[in-house]
Amino acid sequence: MYPKEVIPDKCSLYYRVHATYFRDNVLIPGVFRELGDGMSTDWDKYSTPEQSKARAKKPENNGIVSLSVEKLRILNFNVIHAPTYGNRAHTNVKGVNVETRLKLLDVFKWEIKIPQD
Amino acid sequence: MSINSTKIPAEYYEESSLYSTKLVENLYKDSFKSHSSESSLSLSKKFIFLSQQSSDSEWRTDLNLDNVITYKNITIEISPEKTLTLPAKLYKLAESIQNSKYILDLEDDFDDEGSPRYDFETWKRAVDFLVNSAKWALDKNNVVIDSPKIYHGPDGSIDILWKNSDYKLLINFPKGNDTPATFYGDDYNTNKIEGTFNPSKQDFRLLHLMLITI
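Same order as they appear, the protein sequences are chains A and B. Each residue of the first sequence is one higher than the one before, starting from 0 at the first, in numbering that gives the first Met the number 0. Each residue of the second sequence is one higher than the one before, starting from 0 at the first, in numbering that gives the first Met the number 0.
Note that these hints are calculated values from the structure, not bench results. Heads up, a few of these hints could be off.
Said to hold, decoys possible - Cross-link-like lysine-lysine pairs, in silico, BS3-like; alpha carbons within 25 Å at most:
1) Lys112(A) to Lys57(A)
2) Lys102(A) to Lys200(B)
3) Lys191(B) to Lys102(A)
4) Lys139(B) to Lys102(A)
5) Lys112(A) to Lys134(B)
What the hints assert, rightly or not - Cβ pair distances, simulated, as ranges:
6) Asn77(A) to Arg116(B): 24 to 32 Å
7) Gly194(B) to Asp105(A): 19 to 27 Å
8) Asp177(B) to Tyr45(A): 39 to 47 Å
9) Leu34(A) to Ser199(B): 23 to 31 Å
10) Val142(B) to Lys108(A): 32 to 40 Å
Idealized CB from N, CA, C, for every residue including glycine.
Start from the sequences and build out the full structure, keeping to the hints where you can.
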């Protein structure tokens, strides 16, 4: 197993966004949600956007956005490196609620756009 | 969706012919499918020139009345047995509700991450709050609230979102009747509003207060 590390503010996290959360040509707030131990992301130290996309069940239905760790911490999110057996980049983000979901809409950056039909 | 073809006062009107065409084509599709007797629309007709600046009861003089369809109430079919009726002034809200019906078609695991489908009752609870609050604001204060977007939220919940250059507001209606709704809004600056409320108490002043506070 990989060691857990402290993630510096200057880093970014990659987050997969499924096509069903892209409506009216924008991401909708429901895309940001915790599953299990938090919102599942990949630390850019150990992953590329392409690798994060490839981890999806159906990569062709997903895009990738990045989130600044510094901005996440300003929004009072808890950023926890949580490597798994197959993914050293895996990081949980805790603190998703109605306020932070709304604010995340203003801080994310597109890395890989969602494929359009 | 159906329209009562009754002429309405000029203050209802707003220039929006493109929107109106979309309204006809998209919002009223259901009533055409169901061959509703109240469907008095003709898709070939141009539709609606509304101006809230109009202060008198006259129609705009540049209109060819033969090409104008007027309406009084908008009825949205929300299930085979249930409808919602909104005043004509709330036509943008009607469009938001109509557009949100996609939520009810999402199936289990629609996002390949195991998210559950959405219950009709959860969606209806959010829509009822919105409609009743908008009607209250119109009836009591003659205010047409900004029209929000209605989206699927996390864990079977429903999100209602207002987001423009002046403010943003998100209300979340969780799955299940006993859990309170939560909301947060701000003006991108120092003014903000947040809290919880029980939609079943039907306090229709609340949304109006939220929108005028931020």
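Which of the numbered hints above does this structure break? 2, 4 and 5
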